[in-house]
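So the protein lines, in turn, are chains A and B. Note that the working numbering has the first sequence beginning at 34, numbered continuously upward. Note that the working numbering has the second sequence beginning at 14, numbered continuously upward.
Wrong hints could be hidden among the right ones.
[As the list claims (entries may be wrong)] Going by beta-carbon spacing under 7 Å, a handful of chain B positions derived as facing chain A:
1. Ser56
2. Leu57
3. Lys79
4. Ala85
5. Phe123
6. Gly124
7. Leu132
[To be verified] Straight-line C-alpha distance at most 30 Å; calculated DSSO-like pairs for lysine-lysine:
8. Lys68/B <-> Lys27/B
9. Lys96/A <-> Lys68/B
10. Lys27/B <-> Lys90/A
11. Lys33/B <-> Lys96/A
12. Lys120/B <-> Lys102/A
13. Lys33/B <-> Lys111/B
14. Lys77/B <-> Lys54/B
15. Lys130/A <-> Lys120/B
16. Lys75/A <-> Lys68/B
17. Lys112/A <-> Lys54/B
18. Lys120/B <-> Lys68/B
19. Lys33/B <-> Lys130/A
20. Lys111/B <-> Lys101/A
21. Lys102/A <-> Lys54/B
22. Lys33/B <-> Lys77/B
23. Lys112/A <-> Lys27/B
24. Lys75/A <-> Lys90/A
25. Lys120/B <-> Lys101/A
26. Lys111/B <-> Lys79/B
27. Lys54/B <-> Lys101/A
28. Lys120/B <-> Lys92/A
29. Lys120/B <-> Lys96/A
30. Lys79/B <-> Lys54/B
31. Lys54/B <-> Lys27/B
32. Lys79/B <-> Lys75/A
33. Lys130/A <-> Lys77/B
34. Lys92/A <-> Lys111/B
35. Lys77/B <-> Lys112/A
36. Lys77/B <-> Lys92/A
37. Lys33/B <-> Lys92/A
38. Lys111/B <-> Lys96/A
39. Lys90/A <-> Lys102/A
40. Lys90/A <-> Lys111/B
No lab work stands behind these hints, which were simulated from the structure alone. Heads up, the beta-carbon is just placed ideally off N, CA and C, and yes, glycines get one too.
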Amino acid sequence: EDQVTQSPEALRLQEGESSSLNCSYTVSGLRGLFWYRQDPGKGPEFLFTLYSAGEEKEKERLKATLTKKESFLHITAPKPEDSATYLCAVQSYNTDKLIFGTGTRLQVFP
Amino acid sequence: GAVVSQHPSRVICKSGTSVKIECRSLDFQATTMFWYRQFPKQSLMLMATSNEGSKATYEQGVEKDKFLINHASLTLSTLTVTSAHPEDSSFYICSARKTGVSGTNEKLFFGSGTQLSVL
Numbered sequence: 034e035d036q037v038t039q040s041p042e043a044l045r046l047q048e049g050e051s052s053s054l055n056c057s058y059t060v061s062g063l064r065g066l067f068w069y070r071q072d073p074g075k076g077p078e079f080l081f082t083l084y085s086a087g088e089e090k091e092k093e094r095l096k097a098t099l100t101k102k103e104s105f106l107h108i109t110a111p112k113p114e115d116s117a118t119y120l121c122a123v124q125s126y127n128t129d130k131l132i133f134g135t136g137t138r139l140q141v142f143p
Numbered sequence: 014g015a016v017v018s019q020h021p022s023r024v025i026c027k028s029g030t031s032v033k034i035e036c037r038s039l040d041f042q043a044t045t046m047f048w049y050r051q052f053p054k055q056s057l058m059l060m061a062t063s064n065e066g067s068k069a070t071y072e073q074g075v076e077k078d079k080f081l082i083n084h085a086s087l088t089l090s091t092l093t094v095t096s097a098h099p100e101d102s103s104f105y106i107c108s109a110r111k112t113g114v115s116g117t118n119e120k121l122f123f124g125s126g127t128q129l130s131v132l
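Isolated chain A, as found in the complex (with noise of 0.2 Å):
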């Protein structure tokens, strides 16, 4: 059964300070692992989407990395606006579901 864990459920980190959010799956042929960030009451945004081990991906203070147990979101010198909790997906091949983790709330303070 394809399955998602995200740890930590969450995190607080001084403004700058650096950090990485994990996601372990187990898939029946990886088709793609996406992340997403979702604000309090509303619906999630794209961020990445990554789809073979070694991969890596970057927007602004965020790195996505992918290999074939996990993945890490690497968020460079945060700011109080990247607090919001982030969550990762996968999608098999079987399959066109995502199959989403419980995310990791992040909060940012200064």
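For this one, chain A is given, so just place chain B on it according to the hints.
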């Protein structure tokens, strides 16, 4: 980026009434849309997959007669919660799949969600 519009953003209704939620892809055609449900501080749970011109595919445990899905065009899918009860109160989110020209680079874009409160 692509835009998916979802309405209403918030609805309060009495128990026993029906509520319709609309999901539109504004700048692309979406043959497939998905409906999710999210409880506070929990992840998104897929309810059903909506394909244009055909019946929706429901996930195990989701009552198809209670959550009616219609995907009548390439840009519109609707979810109707029939005879709503307080336990149906939740955050409902739709998403639409956009595929690149070559069929790759697939992305899933989400609506802004609908907070349903059933009194």
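Checked hints:
1. Ser56: At 4 Å from the nearest chain A Cβ, Ser56/B passes the 7 Å test, so the hint holds.
2. Leu57: Given a least distance of 5 Å, the restraint on Leu57/B holds.
3. Lys79: 20 Å, violated
4. Ala85: 20 Å, violated
5. Phe123: 4 Å, holds
6. Gly124: Given a least distance of 5 Å, the restraint on Gly124/B holds.
7. Leu132: The hint is violated - Leu132/B has no Cβ within 7 Å of chain A, the shortest such distance being about 19 Å.
8. Lys68/B <-> Lys27/B: Within the cut-off at roughly 28 Å; holds.
9. Lys96/A <-> Lys68/B: Roughly 39 Å separates the two Cα atoms, so the pair is violated.
10. Lys27/B <-> Lys90/A: Given that 30 Å is the threshold and the Cα spacing comes to 47 Å, the pair is violated.
11. Lys33/B <-> Lys96/A: 38 Å, violated
12. Lys120/B <-> Lys102/A: 22 Å, holds
13. Lys33/B <-> Lys111/B: Roughly 24 Å between the alpha carbons, so the hint for Lys33/B and Lys111/B holds.
14. Lys77/B <-> Lys54/B: Given pair Lys77/B, Lys54/B holds - Cα atoms ~25 Å apart, limit 30 Å.
15. Lys130/A <-> Lys120/B: This hinted pair holds, its Cα atoms lying about 12 Å apart.
16. Lys75/A <-> Lys68/B: Given that 30 Å is the threshold and the Cα spacing comes to 28 Å, the pair holds.
17. Lys112/A <-> Lys54/B: Holds. Lys112/A to Lys54/B sits at ~22 Å (cutoff 30 Å).
18. Lys120/B <-> Lys68/B: Holds, at about 23 Å.
19. Lys33/B <-> Lys130/A: With a Cα-Cα distance of about 23 Å, the restraint between Lys33/B and Lys130/A holds, given a limit of 30 Å.
20. Lys111/B <-> Lys101/A: 25 Å, holds
21. Lys102/A <-> Lys54/B: 25 Å, holds
22. Lys33/B <-> Lys77/B: Distance ~14 Å between Lys33/B and Lys77/B Cα, so the pair holds.
23. Lys112/A <-> Lys27/B: Answer violated: Lys112/A to Lys27/B is near 42 Å, above 30 Å.
24. Lys75/A <-> Lys90/A: 24 Å, holds
25. Lys120/B <-> Lys101/A: Distance ~21 Å between Lys120/B and Lys101/A Cα, so the pair holds.
26. Lys111/B <-> Lys79/B: Distance ~28 Å between Lys111/B and Lys79/B Cα, so the pair holds.
27. Lys54/B <-> Lys101/A: 28 Å, holds
28. Lys120/B <-> Lys92/A: 16 Å, holds
29. Lys120/B <-> Lys96/A: Judged against 30 Å, a Cα distance of about 18 Å means the pair holds.
30. Lys79/B <-> Lys54/B: Within the cut-off at roughly 24 Å; holds.
31. Lys54/B <-> Lys27/B: Distance of about 25 Å is within 30 Å: holds.
32. Lys79/B <-> Lys75/A: 24 Å, holds
33. Lys130/A <-> Lys77/B: At roughly 18 Å apart (the allowed maximum being 30 Å), Lys77/B and Lys130/A satisfy the hint.
34. Lys92/A <-> Lys111/B: 20 Å, holds
35. Lys77/B <-> Lys112/A: Not OK: Lys77/B and Lys112/A at ~44 Å, beyond 30 Å, violated.
36. Lys77/B <-> Lys92/A: 40 Å, violated
37. Lys33/B <-> Lys92/A: 36 Å, violated
38. Lys111/B <-> Lys96/A: Between Lys111/B and Lys96/A the Cα gap is close to 23 Å, so the pair holds against 30 Å.
39. Lys90/A <-> Lys102/A: 17 Å, holds
40. Lys90/A <-> Lys111/B: With a Cα-Cα distance of about 20 Å, the restraint between Lys90/A and Lys111/B holds, given a limit of 30 Å.
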